[in-house]
Amino acid sequence: MLNSRIMISSSAVPSAALDLLITQGFDTTSVDELAATAGMSRSTFFRRFGSKENMVFADQEMIITHVKTTLAASSVSATQTLIDAAHVVFDQYTMNPEAAQLRHRLLSSVPSLRERELVSTHRYERAFYDFLSARELTNTAPHRALSLGISAGLVAIHNDHLRLWLRDPSATDREHLAADVSLFLDRFADLLDPNHAPKAKSSKAPRVVVSVLDAGDDEQAVLDAVSKALREHRD
1 MLNSRIMISS SAVPSAALDL LITQGFDTTS VDELAATAGM SRSTFFRRFG
51 SKENMVFADQ EMIITHVKTT LAASSVSATQ TLIDAAHVVF DQYTMNPEAA
101 QLRHRLLSSV PSLRERELVS THRYERAFYD FLSARELTNT APHRALSLGI
151 SAGLVAIHND HLRLWLRDPS ATDREHLAAD VSLFLDRFAD LLDPNHAPKA
201 KSSKAPRVVV SVLDAGDDEQ AVLDAVSKAL REHRD
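Using the UniProt record's numbering, read the sequence shown as starting at 1 and increasing by one per residue.
Just so you know, the hints here were simulated from the structure itself, not pulled from any lab data.
Ideal Cβ positions, reconstructed from N, Cα and C, are used throughout, including at glycine.
There could be a bad hint or two in this list.
[Unchecked claim] Have a look at the derived ranges for each label pair, beta carbon to beta carbon:
#1 D186 / A36: 46 to 56 Å
#2 E136 / A12: 26 to 36 Å
#3 R187 / D32: 45 to 55 Å
#4 D32 / N195: 51 to 61 Å
Generate the whole structure from the sequences, applying the supplied hints.
Take a look at the structure:
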């Protein structure tokens, strides 16, 4: 199993720069001000980020790359690999609580950044789908549809846990995330891990017990005859 706690390099986005964008306003903050706050020159800022928007999402670019590497390098089951990948994203966001909180506040107040966030969400979904495709789990139309649903569901569960953590870090953790992801993926065990999927129990064929009675036998005689036949059948 991959060590999903391996971290990428320290945050690419200076917390002071995010704080400036929140307090001063995204549109009214200049690149020169951001560069000075981040302790770099204007030219260095543009070489590293390219734009204010790219700076806000620089960490996310690194995380997506890390997720793709985790998925491609995995040799364990599809289910465990997807759990590991969910951990990668969660760990990277929560390793720097200050930056995560600032970024969340900034995205909540700038519509254009929220739109960029939606694009990033689809990129995570695509990374998971491409992994399932590489495992040859999307070769039929039904399996393709299931894989699309799995990819979207995995992102939705992760984002729900991240929102819980942003509101209250004690509300969830990576173990709770893994439990919910596992519960979700278990529903697709026949696709993700067919060799280990639980087999449905075969139902036993109904048994027919025949009793021969004399015409005119009363109710008690019928019950006695049926009881005797059942006992003989069990024996």
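A quick look at each hint next to the structure:
1. Between D186 and A36 the CB atoms are about 52 Å apart, so this pair conforms to the stated range of 46 to 56 Å.
2. For the pair E136 and A12, the supplied restraint of 26 to 36 Å holds, since their beta-carbon distance comes to about 35 Å.
3. Between R187 and D32 the CB atoms are about 52 Å apart, so this pair conforms to the stated range of 45 to 55 Å.
4. Checking the proposed 51 to 61 Å range against D32 and N195 shows it holds: the Cβ atoms sit about 59 Å from each other.
Of the hints listed earlier, there is not a single one the structure fails to meet.
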